[in-house]
Each structure stands twice: as C-alpha cells, then as structure tokens.
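Protein chains: 2
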Amino acid sequence: MEQIGFLPPKPAVLSRRREIVGDLKDLLPEGCLVHEPRSLVPFETDAFVSYRRAPLAVALPETTAQVAAVLKYCHRYGIPVVPRGAGTSLSGGAIPQEDAVVLGLSKMTRILEVDYANRTATVQAGVTNLSISDAVSADGYFYAPDPSSQLACTIGGNIAMNSGGAHCLKYGVTTNNLLGVKMVLVDGTVIELGGKALDAPGLDLLGLVCGSEGQLGVVTEATVRLIAKPEGARPVLFGFDSSEEAGACVADIIGAGIIPVAIEFMDKPAIEICEAFAQAGYPMDVEALLIVEVEGSEAEMDGMLQSIVEIAGRHGVKVVKESQSATQAALIWRGRKSAFGATGRIADYICMDGTVPLSQLSNVLRGTAEIVARHGLRVANVFHAGDGNMHPLILFNANDPEDAARAEAAGNDILKLCVDAGGCLTGEHGVGIEKRELMRHQYTDADLAQQMAVRAAFDPQWILNPSKVFPLEGRPAV
Amino acid sequence: MEQIGFLPPKPAVLSRRREIVGDLKDLLPEGCLVHEPRSLVPFETDAFVSYRRAPLAVALPETTAQVAAVLKYCHRYGIPVVPRGAGTSLSGGAIPQEDAVVLGLSKMTRILEVDYANRTATVQAGVTNLSISDAVSADGYFYAPDPSSQLACTIGGNIAMNSGGAHCLKYGVTTNNLLGVKMVLVDGTVIELGGKALDAPGLDLLGLVCGSEGQLGVVTEATVRLIAKPEGARPVLFGFDSSEEAGACVADIIGAGIIPVAIEFMDKPAIEICEAFAQAGYPMDVEALLIVEVEGSEAEMDGMLQSIVEIAGRHGVKVVKESQSATQAALIWRGRKSAFGATGRIADYICMDGTVPLSQLSNVLRGTAEIVARHGLRVANVFHAGDGNMHPLILFNANDPEDAARAEAAGNDILKLCVDAGGCLTGEHGVGIEKRELMRHQYTDADLAQQMAVRAAFDPQWILNPSKVFPLEGRPAV
Numbered sequence: 001m002e003q004i005g006f007l008p009p010k011p012a013v014l015s016r017r018r019e020i021v022g023d024l025k026d027l028l029p030e031g032c033l034v035h036e037p038r039s040l041v042p043f044e045t046d047a048f049v050s051y052r053r054a055p056l057a058v059a060l061p062e063t064t065a066q067v068a069a070v071l072k073y074c075h076r077y078g079i080p081v082v083p084r085g086a087g088t089s090l091s092g093g094a095i096p097q098e099d100a101v102v103l104g105l106s107k108m109t110r111i112l113e114v115d116y117a118n119r120t121a122t123v124q125a126g127v128t129n130l131s132i133s134d135a136v137s138a139d140g141y142f143y144a145p146d147p148s149s150q151l152a153c154t155i156g157g158n159i160a161m162n163s164g165g166a167h168c169l170k171y172g173v174t175t176n177n178l179l180g181v182k183m184v185l186v187d188g189t190v191i192e193l194g195g196k197a198l199d200a201p202g203l204d205l206l207g208l209v210c211g212s213e214g215q216l217g218v219v220t221e222a223t224v225r226l227i228a229k230p231e232g233a234r235p236v237l238f239g240f241d242s243s244e245e246a247g248a249c250v251a252d253i254i255g256a257g258i259i260p261v262a263i264e265f266m267d268k269p270a271i272e273i274c275e276a277f278a279q280a281g282y283p284m285d286v287e288a289l290l291i292v293e294v295e296g297s298e299a300e301m302d303g304m305l306q307s308i309v310e311i312a313g314r315h316g317v318k319v320v321k322e323s324q325s326a327t328q329a330a331l332i333w334r335g336r337k338s339a340f341g342a343t344g345r346i347a348d349y350i351c352m353d354g355t356v357p358l359s360q361l362s363n364v365l366r367g368t369a370e371i372v373a374r375h376g377l378r379v380a381n382v383f384h385a386g387d388g389n390m391h392p393l394i395l396f397n398a399n400d401p402e403d404a405a406r407a408e409a410a411g412n413d414i415l416k417l418c419v420d421a422g423g424c425l426t427g428e429h430g431v432g433i434e435k436r437e438l439m440r441h442q443y444t445d446a447d448l449a450q451q452m453a454v455r456a457a458f459d460p461q462w463i464l465n466p467s468k469v470f471p472l473e474g475r476p477a478v
Numbered sequence: 001m002e003q004i005g006f007l008p009p010k011p012a013v014l015s016r017r018r019e020i021v022g023d024l025k026d027l028l029p030e031g032c033l034v035h036e037p038r039s040l041v042p043f044e045t046d047a048f049v050s051y052r053r054a055p056l057a058v059a060l061p062e063t064t065a066q067v068a069a070v071l072k073y074c075h076r077y078g079i080p081v082v083p084r085g086a087g088t089s090l091s092g093g094a095i096p097q098e099d100a101v102v103l104g105l106s107k108m109t110r111i112l113e114v115d116y117a118n119r120t121a122t123v124q125a126g127v128t129n130l131s132i133s134d135a136v137s138a139d140g141y142f143y144a145p146d147p148s149s150q151l152a153c154t155i156g157g158n159i160a161m162n163s164g165g166a167h168c169l170k171y172g173v174t175t176n177n178l179l180g181v182k183m184v185l186v187d188g189t190v191i192e193l194g195g196k197a198l199d200a201p202g203l204d205l206l207g208l209v210c211g212s213e214g215q216l217g218v219v220t221e222a223t224v225r226l227i228a229k230p231e232g233a234r235p236v237l238f239g240f241d242s243s244e245e246a247g248a249c250v251a252d253i254i255g256a257g258i259i260p261v262a263i264e265f266m267d268k269p270a271i272e273i274c275e276a277f278a279q280a281g282y283p284m285d286v287e288a289l290l291i292v293e294v295e296g297s298e299a300e301m302d303g304m305l306q307s308i309v310e311i312a313g314r315h316g317v318k319v320v321k322e323s324q325s326a327t328q329a330a331l332i333w334r335g336r337k338s339a340f341g342a343t344g345r346i347a348d349y350i351c352m353d354g355t356v357p358l359s360q361l362s363n364v365l366r367g368t369a370e371i372v373a374r375h376g377l378r379v380a381n382v383f384h385a386g387d388g389n390m391h392p393l394i395l396f397n398a399n400d401p402e403d404a405a406r407a408e409a410a411g412n413d414i415l416k417l418c419v420d421a422g423g424c425l426t427g428e429h430g431v432g433i434e435k436r437e438l439m440r441h442q443y444t445d446a447d448l449a450q451q452m453a454v455r456a457a458f459d460p461q462w463i464l465n466p467s468k469v470f471p472l473e474g475r476p477a478v
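Listed in order, the protein sequences are those of chains R and E.
Last residue of the first sequence: 478 in the working numbering, with the numbers rising by one and none dropped.
Last residue of the second sequence: 478 in the working numbering, with the numbers rising by one and none dropped.
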C-alpha cells in the first residue's frame with residue numbers, strides 16, 4: 001500500500017539531523033526529546049498501521065512555552081512538524097515522515113479548571129478523552145463525545161480530527177462541545193480562540209481549527225462543555241431480518257424528529273464478532289441489529305421508546321430487547337465499543353468512515369456489500385447509524401499483498417459510493433494520509449484551492465503535518 | 001456618531017461611476033440595476049440607523065451566474081462590494097460606502113428543494129427566515145433559528161451574522177442548523193461547501209463562512225436543517241423581585257442540565273414597554289420576568305416544568321404563570337418578539353449584544369445598570385438569558401447629539417464589561433461597523449492578525465464589505 005506515499009524528505013533537514021537534535025535538546029527539559037533510533041519505534045505509526053516511518057526526533061514538551069519554542073525553531077529552519085496525541089488515528093494523521101519532528105502532547109495531561117457554574121472544563125491537550133468524564137463523574141457531569149478509543153485518545157487529537165462517538169447523535173461531535181482553545185501558531189505565536197461565552201465576534205477560527213488535522217497550529221489547552229448526566233439511560237436492542245429494514249427504520253426514527261442519545265447499527269458479521277468477544281447478549285438469529293439508547297426520567301424513556309417501537313414495528317422488527325440492569329447495559333456498550341478490537345482478533349481490517357444522508361443508508365449498505373463481494377472480500381458493518389456515519393470494516397489478510405491491495409481498492413470504491421450518494425469521505429476519522437487523494441472525488445479544484453489558501457494563511461511554508469489531507473499534486477508552490 | 005467612520009472612497013472608482021453603471025447594466029437583466037440617486041435611498045442604511053451612505057449602485061441579480069458576473073467585474077476593477085439581504089442588520093453590516101456596489105439578494109427568493117427524508121431544505125439566499133418554516137409547517141416541520149426580524153430577514157443575512165433567536169437555546173444558532181452553501185468567491189468562482197451528510201473532510205470552511213459578515217464571498221444558496229415540530233410547547237412566566245434572582249435562577253436551570261427551548265429575560269422597563277404594546281398578560285408587580293418555554297409530550301413538559309419550578313422556588317420566585325391556551329402562548333411570544341419595535345415607540349435606542357458566561361449574568365446586569373446610570377441614561381434589558389446573550393437597550397434622544405454620544409459611550413462600556421467578564425462583544429448581531437474598533441478589546445494583535453490573514457485568503461484586495469469587522473488601523477496593506 002505504498003503507492004499513496006509521503007512527501008520526499010528535505011535533504012537540507014536530514015543532513016542537519018545531529019544539529020537539530022542538539023538544538024531541540026537545549027529548548028526542552030531533560031528527558032523531553034526522543035531521538036535514539038530504538039526509542040523512536042513507538043512513534044513510527046499510529047492506529048492506521050499501513051505505513052511506518054521513523055521521524056527525525058520526537059519532542060515531548062511540558063508547557064505551552066516549550067511547544068512555542070519547538071515550533072519557532074522548526075519554522076525558522078523549515079523543518080516539518082507532525083503533532084501527535086495518543087497516536088490512535090485511524091487515517092494515519094499522526095504517522096510521521098523521515099524529516100519531521102514529532103511534537104507529542106503526551107506530557108501535558110493536567111486538568112486546569114473545572115467550572116460547574118458555566119459547565120466547562122479547561123484541560124491540557126494531552127488529557128485523555130475519558131479522563132475528563134472521570135474527573136467530573138462524581139459530581140454528575142460528563143464530556144459527551146465518546147470515540148471508541150476514549151480510554152487512550154487525547155482531547156488534542158479529538159480536536160484535530162473532530163472526533164465523534166456513539167453518543168454524538170444527541171450531543172454532537174467535538175466541534176459542538178468545544179468552547180475554546182489555546183493554540184500555538186507555526187511561528188511560535190500563542191493565540192486564544194473562543195471562550196466560555198456563546199459565539200465569538202469575527203471569523204470562527206475555533207470551528208476552523210476543529211478538524212484541521214494538525215495543519216493550522218498546535219492546540220495546547222482546550223475548554224470543553226460539560227453535560228449533566230441524565231436521570232437514567234437505557235440501551236435497547238432491535239433485531240431485523242435485513243440490513244435494509246434496519247436502515248430504513250433509522251431514517252424513519254430521525255425523520256420523525258426523535259433524537260435518541262445513540263442509534264448504532266451492526267450487521268450479522270459484526271454481531272457475531274462482538275458477541276463472541278463480549279458476550280453482550282445480542283440476539284444471534286437476526287441479520288441486523290440496532291442499539292438505540294434513550295435517556296431521561298423513566299417516563300421520558302418510556303415515552304420515547306414507545307414511539308421507536310412503533311416505528312420499528314412498521315419495518316418488521318423481529319426482536320426488541322431492553323436491558324434489564326446496569327450490568328446488562330454496560331455489556332451492550334462493551335460489545336459495541338470493542339468492535340474494532342474484536343474484529344482484529346479474527347482478521348486484519350481497514351475501517352472506512354464514509355457518511356451519507358440518512359435516506360441513502362439502505363442503498364449504500366447494499367452497494368457496499370456488492371463492492372466487497374466483487375473484490376472477493378468480506379465486510380462487517382458496525383456504525384453510528386443515526387448520524388449516517390458508516391464504518392464498514394473490510395476484512396483481509398495483511399500478509400498477502402494482493403489481498404491488501406484488494407482491500408484498499410474496495411475501500412476506495414466504498415468511499416466514492418458514499419460521496420456519489422451525497423455524502424462524504426469521513427465522518428470522524430479524518431482524511432489523514434489514507435483518504436488524501438480521494439479528496440479530488442469529494443471536491444472541485446476550486447473548492448480545494450480555497451481550502452489550501454486558508455491553510456496557507458496559517459502555515460505559508462506548509463511544514464505542519466505536510467503529507468496529509470491535501471492531494472500532493474496541485475498544491476501551491478512554497 | 002461619525003467618529004467610527006468608513007474607509008475613504010477610492011477616487012479611481014468614484015470617477016468611473018458612469019462607466020461602472022453601464023457595464024453592470026450589461027451584466028444584468030432589465031430592472032436589476034439601481035443607480036438613480038432617488039432609488040438608492042432605501043439602500044443607504046440598515047436597521048443600525050446611525051450611519052447613512054448612498055452607494056455607487058445596487059445590483060439585484062436573479063441567479064448565481066449573475067452574482068458571479070458582478071463579483072468578477074468588481075474584482076477586476078477593485079470596486080468595493082457590500083452584500084445585502086433584507087437590511088435588518090443591527091450592527092450596520094449592510095450599510096454601504098460611496099464607492100461600493102451593493103449586491104442585494106432580494107430577487108433570489110426561491111425554495112429549491114424540500115427533502116423530508118433527510119430533513120433539509122435548500123433555498124436561495126434571499127428567502128426570508130420565516131418563509132422556510134412557513135413552507136414546511138403543514139408537514140410538521142420548522143427551521144429553528146428565529147431572530148425577532150424573522151418576517152423580513154433573509155437566510156443569506158442570517159448566515160452572514162450567524163443569527164440566533166429566542167428558540168436557539170435548545171436548537172442552536174445558524175451555524176448549528178446550516179448544512180451547506182453555494183458561494184461565489186470574490187473573483188466569480190463558484191464553490192460548494194458542506195452538504196446533506198454529517199461533517200465534511202478537510203477544513204470546515206462552511207463554519208468559517210457562517211458569521212463572516214459578507215467578507216469571504218457571497219452565498220447564493222443554502223441547505224438548512226428542518227426540525228420536526230414537537231408534540232406540544234408551553235411558555236411559562238416566572239416573575240422575580242430582582243434581576244439578580246432571575247439571573248441566578250437561569251444559571252441554576254442550565255447548570256442542572258435542563259435545556260428548555262427558550263429562557264428569555266425581561267427587566268421591569270422591558271416588561272412595561274412590551275406589555276403596553278402587546279397586552280401579553282405579563283405580571284406587572286415584578287422586577288424581572290423569565291419566559292421559559294418547554295416542549296414535548298404533556299408528560300415531558302410537566303416533568304421539565306416541575307424541575308424548573310423547584311429551582312425557581314430556591315431563588316424566591318414570586319409569580320409562576322402558565323399559558324392556558326395557544327392564543328395566550330402566542331401573545332407571550334408576540335410581546336417578547338416586539339420588544340425592539342415597542343421600545344422604538346417610546347424612545348430612540350441602541351441595542352447591545354454582549355454575551356457572557358452564565359455565572360456572570362447577575363454581575364453584568366448590575367454593572368450595566370451602574371454604567372447606564374453614570375451616563376445619565378435609561379436601559380431596558382430583554383434577552384436570551386439561557387445563552388447568556390444579553391440585549392441591553394440603551395434609551396436616548398437621537399435628536400440630541402450629546403445624548404447620542406452618551407449612549408454610544410455607555411454601549412462601549414457595557415460591551416467592555418462583557419468581555420472583561422469572560423464574554424464577548426456580540427452573540428448574534430455581528431460586529432459590523434458598530435463594534436469594529438472594540439475588536440481590539442476582545443482580541444490581541446496576534447489573534448486579529450490571524451483572522452485577517454484568513455480573510456485575505458478569500459479576498460486579497462479587501463473589497464468585500466471592507467469597512468466592517470476589523471479595526472481600520474493595523475490592517476495588512478493591499
């Protein structure tokens with residue numbers, strides 16, 4: 001899968017490696033610069049394991065001022081910089097290149113302020129997603145976006161990718177829950193965007209930074225919205241005889257104006273994989289399963305469920321199974337959230353992240369099955385159906401280069417299908433290196449030129465995560 | 001109030017007026033170019049009536065291609081362009097300058113598509129806010145953001161200002177309800193941003209355009225989210241003996257995780273003004289009033305109201321009055337939504353739009369009263385309390401230049417107070433020309449420089465609405 005490729009390393013940077021390492025050491029505290037080849041191995045790739053590159057060095061600053069110093073230095077000498085959170089990117093967003101300094105935020109893990117009066121938390125960028133909720137849980141609050149990797153992934157990485165999660169149907173993705181950031185620009189200037197109040201005058205740079213995949217600057221602190229825990233929450237399983245029926249049911253629930261906390265979809269292969277791993281109690285005699293979570297008071301949950309059951313009935317629902325206890329509810333979610341890991345036990349896989357208008361769910365599921373069959377592969381579908389955010393897991397054998405090439409080709413075809421159905425290449429995993437060249441299928445040249453002009457307004461030299469997001473051909477000269 | 005001022009007109013443009021008018025006539029259908037001095041009068045100002053300028057001409061194109069032709073022409077000759085919707089801006093966003101071509105979208109009023117399966121409507125930019133809801137109401141849907149000017153204001157103007165409204169507490173402001181746009185760049189290139197699917201890969205230019213006050217391009221079509229009407233909705237009045245109690249009550253409702261559809265605040269002067277106009281049935285023996293609207297099934301509304309009444313009780317609520325009929329509910333909202341017009345019957349006023357963290361509501365209300373008293377003026381407060389989006393109406397006599405100067409000074413002091421309390425200059429009315437110089441109080445030079453660099457990535461010549469948003473000093477040379 002090497003045909004996508006990285007930008008060629010800059011000889012002028014490679015030849016100064018020793019000097020750069022020495023200079024960066026001087027800018028950072030003891031133990032904050034990794035440069036021995038053996039120590040660089042953990043930074044060679046991320047959760048999109050198709051590529052592997054050793055970076056020039058890894059800087060692990062402890063403060064915003066140190067981040068600024070590293071950026072200022074790299075900017076001065078035109079050294080590429082690849083920001084990195086926990087390295088859980090599924091699109092290769094954090095994979096370095098040989099001439100790059102990886103700027104890791106893993107030492108910046110302090111929760112700086114919790115402000116219940118304004119329902120906000122201000123944290124350093126290396127704080128993990130789950131640890132925000134953990135810090136406020138006892139007081140009855142949580143941070144809403146919940147990527148499956150939430151135990152490991154950092155809020156800085158979440159901002160870079162505008163991460164979502166199963167519970168984003170009701171509460172929105174990262175951009176809807178991010179109120180402000182402190183960010184270091186490529187030349188070392190520190191700016192602050194947003195804050196605790198609604199909106200901000202002038203251009204919405206905060207929204208622009210969210211999802212910018214480390215190309216506009218390096219976020220060192222974030223202020224996020226806290227949400228009060230609901231009185232109760234209940235996941236309910238709905239089993240169907242076909243994926244089409246389940247997909248149509250989802251569209252009708254949302255079309256009726258009902259917004260549960262989550263509507264997750266699993267097809268037969270995904271049900272089997274997750275049940276074998278988690279013993280979640282999923283029904284095994286159905287072709288497709290929806291996990292619908294409602295929340296609120298008992299009366300509110302009952303009311304919403306009644307409407308959903310009625311709609312599901314119109315789509316021939318075969319099994320409706322409510323969780324009977326907190327343990328059962330946790331198991332249902334454990335099964336869903338372990339889907340990627342559980343799949344990894346039985347096969348290699350690549351996970352697509354196409355998003356489509358809800359009316360297209362059934363069509364695109366059918367088209368996905370056809371594409372994968374044509375390439376002689378298998379697929380498991382497990383995804384955020386309420387958002388139209390599909391995650392086909394294409395199963396293949398990574399030790400067989402031909403199989404790997406087939407999987408990549410099938411993935412490309414599926415993403416093009418999503419775009420052609422009025423959708424897009426990525427809902428929450430980002431473009432990274434994986435979908436960079438497919439951006440041409442999503443956008444016209446004029447669309448891309450305008451995005452790149454905005455990118456250049458932050459980083460005229462294109463040194464921030466330069467091999468990612470934008471197709472290599474057609475970039476402005478730097 | 002002339003000290004804020006506009007950019008000096010370009011002599012090279014003014015001297016070519018006749019030629020420009022002739023050229024633009026050739027680009028547009030019969031009757032689509034306004035240039036006679038008498039006919040220009042309606043375009044001289046907007047709802048921020050403190051300034052008045054006759055533009056060079058007004059182009060009223062009927063198609064995106066015509067918008068592109070006008071922009072391409074103006075771009076070629078460096079002619080300033082001021083986009084205009086319905087001219088309801090409260091910050092002077094649509095006030096022209098002498099050397100500018102006003103680009104009015106008022107002839108582009110077609111609803112292009114209603115797609116219930118995906119809950120979207122695609123409309124031309126000149127469609128009014130309310131007519132979107134009117135078009136889908138019979139089918140049980142509505143468009144959520146509801147500025148008080150919704151009968152007149154256009155969706156294009158809403159996008160330019162990222163408009164809000166009373167019901168945005170639950171449903172979000174324009175940016176949360178906008179899914180895609182067709183936009184013409186300054187050189188006439190047409191791009192499309194967003195679409196019907198969640199999120200979009202690459203940079204979030206759609207979010208950037210929302211609230212960009214006509215400086216990044218001209219939106220000609222928009223795809224917005226439709227929302228299913230709730231089963232029922234009920235506004236309830238809560239009267240308090242002090243603004244402080246009412247403000248603290250709001251903070252506690254939101255802090256408890258309760259999100260009604262709306263929490264509107266009116267102080268004594270606002271209650272008197274609105275009640276005299278609308279006979280809405282507001283209690284007259286209280287110092288502050290909250291209009292809290294809940295929605296859903298009867299059971300859901302009862303449940304939510306019970307929690308709110310309990311919280312209000314802890315803050316010494318004096319009157320709780322539920323609307324007993326649809327007519328009464330409509331009257332309650334008519335009183336609130338006519339606040340600005342009703343105030344205009346008794347005095348001239350300027351309306352501030354500062355937004356603060358909820359914990360600061362009571363403090364800032366107290367500070368506002370002190371500031372206005374110090375300037376020897378009166379104030380009425382009527383605003384979106386749940387969002388922390390304050391609207392003090394400073395009453396003054398526009399025929400007395402000294403009184404007008406005092407009002408402007410008091411307004412500036414109030415906005416600075418909001419910023420110093422962790423808030424911002426504008427929640428929904430935009431910066432326009434009114435708050436342009438105050439941007440220095442909100443942002444550092446580095447913050448502003450980055451915003452201006454992004455602006456320049458769309459409009460390197462700065463011809464789009466050039467006198468607005470960014471302080472005149474410190475701009476990049478063009």
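Don't take every hint at face value.
The calculated label-pair distances, taken between Cβ atoms and stated as ranges, are [as the list claims (entries may be wrong)]:
#	chain 1	residue 1	chain 2	residue 2	range
1	R	P9	E	R17	48 to 58 Å
2	E	K229	R	D241	52 to 62 Å
3	E	R110	R	A369	47 to 57 Å
4	R	I259	E	I111	19 to 29 Å
5	R	T444	E	K229	28 to 38 Å
6	R	D285	E	G140	52 to 62 Å
7	E	V319	R	I259	43 to 53 Å
8	E	S137	R	G5	30 to 40 Å
No wet-lab data here; the hints were simulated from the structure.
Only a predicted model underlies this, so the values are computations on that prediction, with no experimental measurement involved.
Ideal placement from N, C-alpha and C gives every residue a C-beta, glycine not left out.
Identify every previously stated hint that the structure contradicts and give their numbers, smallest first. 2, 3, 6, 7, 8
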